[in-house]
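A.B. asks: Take the given structure of chain A and dock chain S to it, following the hints.
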Amino acid sequence: AQSVSQHNHHVILSEAASLELGCNYSYGGTVNLFWYVQYPGQHLQLLLKYFSGDPLVKGIKGFEAEFIKSKFSFNLRKPSVQWSDTAEYFCAVNARQGAQKLVFGQGTRLTINP
Amino acid sequence: DAGITQSPRHKVTETGTPVTLRCHQTENHRYMYWYRQDPGHGLRLIHYSYGVKDTDKGEVSDGYSVSRSKTEDFLLTLESATSSQTSVYFCAIRGGVLNSPLHFGNGTRLTVT
Chain A
1 AQSVSQHNHH VILSEAASLE LGCNYSYGGT VNLFWYVQYP GQHLQLLLKY
51 FSGDPLVKGI KGFEAEFIKS KFSFNLRKPS VQWSDTAEYF CAVNARQGAQ
101 KLVFGQGTRL TINP
Chain S
1001 DAGITQSPRH KVTETGTPVT LRCHQTENHR YMYWYRQDPG HGLRLIHYSY
1051 GVKDTDKGEV SDGYSVSRSK TEDFLLTLES ATSSQTSVYF CAIRGGVLNS
1101 PLHFGNGTRL TVT
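So the sequences go chain by chain: A and S.
Using the working numbering, you'd call the opening residue of the first sequence number 1 and step up by one each time.
Using the working numbering, you'd call the opening residue of the second sequence number 1001 and step up by one each time.
Chain A on its own, in the form it takes in the complex (with noise of 0.2 Å):
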């Protein structure tokens, strides 16, 4: 079964300040990797996925994220925060198969103070 680790549960930067969150995964076969965002009172938004190829992926919003297979990790970062990313961040992972059910880590809530 896969699982997810993120490593930062709370992170407070100020405006303008490089971001990034760890993500780990642990599973033996072909995944998908994903980050979603939740902002305050809001369901979940997909940032940004990796199926396959280039392992730096862009999302929306100026995100982006570094598939490194031999580490199993899957980072988000951003150069450059806004107040506006306070939020939410769940890293989720599903196999290349089946019903591919989504397992999410345990989340990571950033604060941007302005």
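Bear in mind the hints are in silico, worked out from the structure with no lab data behind them.
Cβ atoms here follow ideal geometry from the backbone N, Cα and C, with glycine treated the same way.
Hints are not guaranteed to be accurate.
Which stretches of chain A does chain S cover? Using the computed rule of at least three CB atoms under 8 Å from a CB of chain S, they are [said to hold, decoys possible]:
#, region
1, 38 to 46
2, 97 to 103
Heads up, incomplete: computed chain S residues facing chain A, CB under 10 Å, no partners named [claimed, not checked]:
#, residue
3, TYR1031
4, TYR1033
5, PRO1039
6, GLY1040
7, HIS1041
8, SER1049
9, TYR1050
10, VAL1052
11, GLU1059
12, GLY1063
13, ARG1094
14, HIS1103
15, PHE1104
C.D. replies: What follows is chain S alone, placed relative to chain A:
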């Protein structure tokens, strides 16, 4: 946004009462999922469906049942609600194309007193 409607949006109920949450989609997607979200746990899969009348358990299925009698509706039932089932419940859908991402509804906040 994907056409997903969850009802009710908020519910307060007493321990021991039955509760049914509804997820309705207008996308004609094959796969539907119920997750619960709790602080420190992220989202955990309760049950999912891969077609009409085809359902299976997720990682936290105890105390929950589901039904899908038509493509557009996926019902989650708590037969006898307990305080540990106080949570935010999210429905998600996915099309049948391999590797298509999940799209989430707005959630139902359930409080069991």
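A.B. asks: Verify the interface restraint on S:SER1049: the C-beta must sit less than 10 Å from at least one C-beta of chain A.
C.D. replies: holds, 9 Å
A.B. asks: Given S:GLU1059 as an interface hint, is its Cβ closer than 10 Å to any Cβ of chain A?
C.D. replies: At 8 Å from the nearest chain A Cβ, S:GLU1059 passes the 10 Å test, so the hint holds.
A.B. asks: Min Cβ distance, S:TYR1031 to chain A: is it shorter than 10 Å?
C.D. replies: holds, 6 Å
A.B. asks: Does the closest beta carbon of chain A sit nearer than 10 Å to the beta carbon of S:GLY1040?
C.D. replies: holds, 6 Å
A.B. asks: Grab the minimum C-beta distance from S:PRO1039 to chain A and call the hint holds if it beats 10 Å, violated otherwise.
C.D. replies: holds, 8 Å
A.B. asks: Against chain A, is S:TYR1033 within 10 Å by beta-carbon distance?
C.D. replies: holds, 7 Å
A.B. asks: Three residues or more, CB to CB closer than 8 Å: is that satisfied between the region 97 to 103 of chain A and chain S?
C.D. replies: That given contact holds, which follows from 5 residues of the region 97 to 103 of chain A lying within Cβ reach (below 8 Å) of chain S.
A.B. asks: Against chain A, with CB atoms and a cut of 10 Å, does the hint on S:ARG1094 hold up?
C.D. replies: Since chain A brings a Cβ to about 7 Å from S:ARG1094, closer than 10 Å, the hint holds.
A.B. asks: Establish whether the coverage given for the region 38 to 46 of chain A by chain S is satisfied; the threshold is a Cβ-Cβ distance below 8 Å, and no fewer than three residues must meet it.
C.D. replies: holds (count 5)
A.B. asks: Is the hint on S:HIS1041 kept, meaning its closest Cβ partner in chain A is under 10 Å away?
C.D. replies: Check passed: Cβ of S:HIS1041 comes within 6 Å of chain A, closer than 10 Å.
A.B. asks: Tell me if S:GLY1063 is really an interface residue toward chain A, meaning its C-beta lies closer than 10 Å to one of theirs.
C.D. replies: violated, 19 Å
A.B. asks: Could you check if S:VAL1052 really has its C-beta closer than 10 Å to a C-beta on chain A?
C.D. replies: Violated: closest Cβ of chain A sits about 15 Å from S:VAL1052, beyond 10 Å.
Consistency with the previously given hints fails for numbers 10 and 12, ordered from lowest to highest.
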